[in-house]
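These are the residues of each chain, in order.
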Amino acid sequence: GAVVSQHPSWVICKSGTSVKIECRSLDFQATTMFWYRQFPKQSLMLMATSNEGSKATYEQGVEKDKFLINHASLTLSTLTVTSAHPEDSSFYICSAQTSPGIQYFGAGTRLSVL
Amino acid sequence: GENVEQHPSTLSVQEGDSAVIKCTYSDSASNYFPWYKQELGKGPQLIIDIRSNVGEKKDQRIAVTLNKTAKHFSLHITETQPEDSAVYFCAASIIQGAQKLVFGQGTRLTINP
Chain A
481 GAVVSQHPSW VICKSGTSVK IECRSLDFQA TTMFWYRQFP KQSLMLMATS
531 NEGSKATYEQ GVEKDKFLIN HASLTLSTLT VTSAHPEDSS FYICSAQTSP
581 GIQYFGAGTR LSVL
Chain B
186 GENVEQHPST LSVQEGDSAV IKCTYSDSAS NYFPWYKQEL GKGPQLIIDI
236 RSNVGEKKDQ RIAVTLNKTA KHFSLHITET QPEDSAVYFC AASIIQGAQK
286 LVFGQGTRLT INP
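Protein chains in written order, with the numbering used here: chain A, 481 to 594; chain B, 186 to 298.
Hints listed in this document are in silico derivations from the structure and should not be mistaken for laboratory results.
Misleading hints may appear alongside valid ones.
Stated by the list, open to error - The calculated DSS-like cross-link candidates involving lysine-lysine, where the alpha carbons are at most 27 Å apart (straight line), are:
1. K222/B - K285/B
2. K521/A - K256/B
3. K207/B - K521/A
4. K227/B - K546/A
Stated by the list, open to error - Covered by chain A, according to a simulated footprint, are these stretches of chain B (three or more residues, beta-carbon under 8 Å):
5. 215-228
6. 285-292
For clarity, every value in this text was computed on a predicted model and none was experimentally measured.
Heads up, the beta-carbon is just placed ideally off N, CA and C, and yes, glycines get one too.
Generate coordinates for the entire structure from the input sequences, incorporating the hints supplied.
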């Protein structure tokens, strides 16, 4: 299957700082990537759809100014959690879509905000 | 919009036995149904998928069946092994274009040695 790299795998930050998470498709080009959030023992919750060269589409209830998404190339999308607070602590996972519409996921990033 | 229900939420089976996880979906337009395996602290891994033009697909010990009329699909794991222990998610989407996956609630599968 296709390989999606997500970095960092784990980050701890102080409240009020910003954190950037990178998602790369290593062996294919992805015009569309997705960002999810997952709480313990729960399913994946879609936050936004990231399209290369255009603005991301956010799901209802997700603050676009809080979670900045940039998809500047066909292999890279970034999620920046701005002014992070303890309630933003979670497991963030990206996926990249191949041309037939199949999504492959990154390994996830565990964010802990102190 | 699409709604996916997954059952059971937890499943415990003896090593070597079979495990079956079931999902139902609501949108008849959905035509793509992947299954993901997620191990603790990792991202979901695609293990098998099926499109609406087939009723069954098999890959070694894993198989998926689809009943479009009843709008349900199932994951079957035979000859289970301890490394099959994980959380399994079903999902549904329309494969054309940048369509979102709608996930089920997940099933925590435990294989007892």
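Status of the hints after comparison with the structure:
1. Straight-line distance between C-alpha atoms of K222/B and K285/B comes to about 18 Å, which keeps the hinted pair within the 27 Å bound.
2. Proximity of K521/A to K256/B is assessed by CA-CA distance (about 26 Å); at most 27 Å being required, the pair is judged to hold.
3. For the hint pairing K207/B with K521/A, the CA-to-CA distance comes to about 18 Å; that is within 27 Å, so the pair holds.
4. Only pairs whose Cα atoms come within 27 Å are accepted, and K227/B paired with K546/A is accepted, the gap being roughly 24 Å.
5. Only when three residues or more bring their CB closer than 8 Å to a CB of chain A does the claim for the segment 215-228 of chain B stand; here the count is 6, and the claim holds.
6. Counting residues of the segment 285-292 of chain B whose CB lies closer than 8 Å to any CB of chain A gives 6, so the stated coverage by that chain holds, three being the minimum.
In this structure, every one of the numbered hints holds.
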